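S.K.: One letter stands for each residue in the lines below.
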Amino acid sequence: MSKADYSVEDFILDPDFRSWILQNDRQTGAYWEDFLGKHPEKISDIKQARHLLIHLSKKKTGLPSTAKEEIWTAISEQLDRQTQSSSAAKVVSLDSWSAIQQYNQENARKKQAAWRWKVAAVFFLLAGLGYFLGKTLMPEAEKPAVAVVPEIEVFQAPPGVKSTITLEDGSIVFLNSGSKISYTKGFTDTLRLLTLEGEAYFEVAHDSIRPFIVQTGAISTRALGTEFNVSSFPGERVSVSLVKGEVLVRNEQAALEQRLLPGEGIAASSEDKELAKSQFNSEEVLSWMNKTLIFDKSPFPIASRKLEAWFGVELIFQNSVPKDLHVSGKFIDESLENILKGLSYSSRFSYSIEGKKVYIQFNL
Amino acid sequence: MNPKLQVEQEESVYWLQLKDGDRSALRFFYDSYVDELFGFGMKLSSSENQVKDAIQEVFLDLWKYHSRVSSAVNVRVYLYKCLANQIFKTGKESKKSRIVHQDYVEESTLLVESVESTLINLQVEAHLKVRLSEAVDDLPKRQKAVIDCLFFQDFSYEETAQILNINLRSTYTLAWKALSNLKRHLSKSSSLLVLWCLFF
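Note that the protein sequences, when read in sequence, are chains B and F. In terms of the numbering used here, the first sequence opens at residue 1 and continues consecutively. In terms of the numbering used here, the second sequence opens at residue 1 and continues consecutively.
Hints may contain errors.
[What the hints assert, rightly or not] Derived lysine-lysine pairs resembling PhoX-like cross-links, with alpha carbons at most 25 Å apart:
(1) 177(F) to 68(B)
(2) 177(F) to 47(B)
(3) 183(F) to 68(B)
(4) 183(F) to 52(F)
(5) 42(B) to 183(F)
(6) 64(F) to 81(F)
(7) 183(F) to 3(B)
(8) 52(F) to 306(B)
(9) 89(F) to 244(B)
(10) 183(F) to 47(B)
(11) 89(F) to 185(B)
(12) 68(B) to 47(B)
(13) 52(F) to 64(F)
(14) 64(F) to 185(B)
(15) 323(B) to 306(B)
(16) 180(B) to 3(B)
(17) 129(F) to 89(F)
(18) 47(B) to 19(F)
(19) 357(B) to 180(B)
(20) 42(B) to 177(F)
(21) 68(B) to 52(F)
(22) 3(B) to 42(B)
(23) 81(F) to 129(F)
If you are wondering where the hints come from, they were derived from the structure by calculation, not from laboratory data. Note that this is a predicted model, so its numbers are computed, not measured.
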């Protein structure tokens, strides 16, 4: 728009006009004087614009200092609470068995670490010697550039152990036995992306700027602030069950998308041509969080895989598993022995537990 | 040194400290900005409590994401934007909190601040000033916010658009509509003045 067509409003909105009127800027002043000479018909509009501009005042609203302190106190209290909760242990065991297993493994790790230290020390000495010799014998070689590698955080619940993890953004992940999540430390500015192998329940902290995405192969689940369960074991369909809020499930390979509402679930695989929603049985899906193992006409291979992860054992079949064998049952905080006993009647097998190995023989 | 530049330098030092997780830096930004943020917030909302809560959220979020904030950022624009987002997000305010409390300090500032201001001030008719400030108060919230950003906070069109999360075009349109409203008020009160003069 040419300035000759300016209305009163346009004049006021022109930063040059404002600096002429308010700061009496000489450079712009020359321009506007010239403009007045050329467009006398605009004089009354300019007069009105100036009038409005110099009368425009604003009420300054300040806070009383007591209110200022009040808000700050509220902020500090919140911050103190946050630092307390985030400094709590990263992995919280769900029950005594988990705790024992976890410490057992940590202990083994420590032993291994001590051994590693010894090896490292020897290597260090050798390397130091090598460096010394190299330095004296060879001309200085060019230093390779150090690439910045984003730190990847990995949490793994070993078989037989369930864990709770609080992420940096405040989201909580309940990790089922034999499952693993990994993500870039601190996430990124735009995304909270994590990869899941196995099963986990997510309580996502709200963050409108960075969506929370759980990647399971080609299937991804995208959430803003919700609670949902994702199960993705090798050889099984990825199953997403939404408890609260809203999530978007995508199959990247087939470019499919489906929005879930609370109570709805999806069992998907990357080869699917469509994503079909269904209602899920929340008691069954979320049972693992209540130490409850539910089999609802589950095929025997799936049930045995569940038992293996649940108790951290290996099931060894001494003869072939009957085809089309399904098992049902609900076991609340039961021992492996009791569950096997229960299943052995209906499925007609005998078993023996030897340490971490369970031998199963079907009665023919 | 240019005082504005000095402020910017001081701020960028504190901003880096904040990135490193220094809580006293958070306090610095709180102290420097809480007053103007509150004033700006009250343009966007009529509930004092909503604005206070929003300010609290802005600083909590700033702390939460302190390690990820970009180091090259205009702190003032950033904080205004966060506050506007926060207030628009909470949106519907409760009717109960609509009572406007009067315990905060109010004073009027005129736009004019140049050497010529004294001269111009002589021509400023007090009643017009009052009328216009009332008219500004009566503007729809978004128009009020645009006027506040552009004329009183010295933000550019780009910065204003960023803060209110709208595009440049809408920023200009909103400002235009607001001024058009004010213009109507001004001519109304001028004609009233003429009538008043005729009678007495």
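S.K.: For every hint, state whether the structure bears it out.
M.R.: A quick look at each hint next to the structure:
1. Distance check on the hinted pair: residue 177(F) and residue 68(B) sit about 34 Å apart at the alpha-carbon level, beyond 25 Å; violated.
2. Between residue 177(F) and residue 47(B), the direct Cα distance comes to roughly 19 Å. Compliance with the 25 Å bound is thereby established for this hinted pair.
3. Of the pairs offered as hints, the one joining residue 183(F) and residue 68(B) is violated, with about 36 Å between alpha carbons and a cut-off of 25 Å exceeded.
4. Proposed proximity of residue 183(F) and residue 52(F) is contradicted: the alpha carbons are some 33 Å apart, above 25 Å.
5. A threshold of 25 Å between alpha carbons decides the hint, and for residue 42(B) with residue 183(F) the separation of about 16 Å falls inside it, so the pair holds.
6. For the suggested pair residue 64(F) and residue 81(F), the alpha carbons sit about 17 Å apart, so the restraint of at most 25 Å is met.
7. Distance check on the hinted pair: residue 183(F) and residue 3(B) sit about 19 Å apart at the alpha-carbon level, within 25 Å; holds.
8. With a C-alpha separation of about 51 Å, the suggested pair residue 52(F) and residue 306(B) falls outside the 25 Å cut-off, and the hint is violated.
9. Restraint check: the Cα-Cα separation between residue 89(F) and residue 244(B) comes to about 20 Å, which is no more than 25 Å; the hinted pair holds.
10. Between residue 183(F) and residue 47(B), the direct Cα distance comes to roughly 12 Å. Compliance with the 25 Å bound is thereby established for this hinted pair.
11. With a CA separation close to 28 Å, the supplied pair residue 89(F) and residue 185(B) exceeds the 25 Å bound.
12. At roughly 42 Å between alpha-carbon atoms, residue 68(B) and residue 47(B) are farther apart than 25 Å, so this suggested pair is violated.
13. The straight-line distance between the Cα atoms of residue 52(F) and residue 64(F) is roughly 18 Å, inside the 25 Å bound, and the hint therefore holds.
14. Proposed proximity of residue 64(F) and residue 185(B) is supported: the alpha carbons are some 15 Å apart, at most 25 Å.
15. In summary, the hint linking residue 323(B) to residue 306(B) is supported, as the alpha carbons are separated by about 18 Å, within the 25 Å threshold.
16. Of the supplied pair hints, the one linking residue 180(B) and residue 3(B) is violated, its CA atoms being roughly 65 Å apart against a limit of 25 Å.
17. Straight-line distance between C-alpha atoms of residue 129(F) and residue 89(F) comes to about 33 Å, which puts the hinted pair past the 25 Å bound.
18. Restraint check: the Cα-Cα separation between residue 47(B) and residue 19(F) comes to about 50 Å, which exceeds 25 Å; the hinted pair is violated.
19. Of the supplied pair hints, the one linking residue 357(B) and residue 180(B) holds, its CA atoms being roughly 23 Å apart against a limit of 25 Å.
20. Restraint check for residue 42(B) and residue 177(F): satisfied, since their Cα atoms lie roughly 20 Å apart, inside the 25 Å limit.
21. A hinted pair counts as satisfied when its Cα atoms are at most 25 Å apart, and residue 68(B) with residue 52(F) qualifies at roughly 9 Å.
22. Proposed proximity of residue 3(B) and residue 42(B) is supported: the alpha carbons are some 10 Å apart, at most 25 Å.
23. Annotation: proposed proximity of residue 81(F) to residue 129(F) is violated, straight-line Cα distance about 29 Å (limit 25 Å).
Hint violations for this structure: numbers 1, 3, 4, 8, 11, 12, 16, 17, 18, 23, all remaining hints satisfied.
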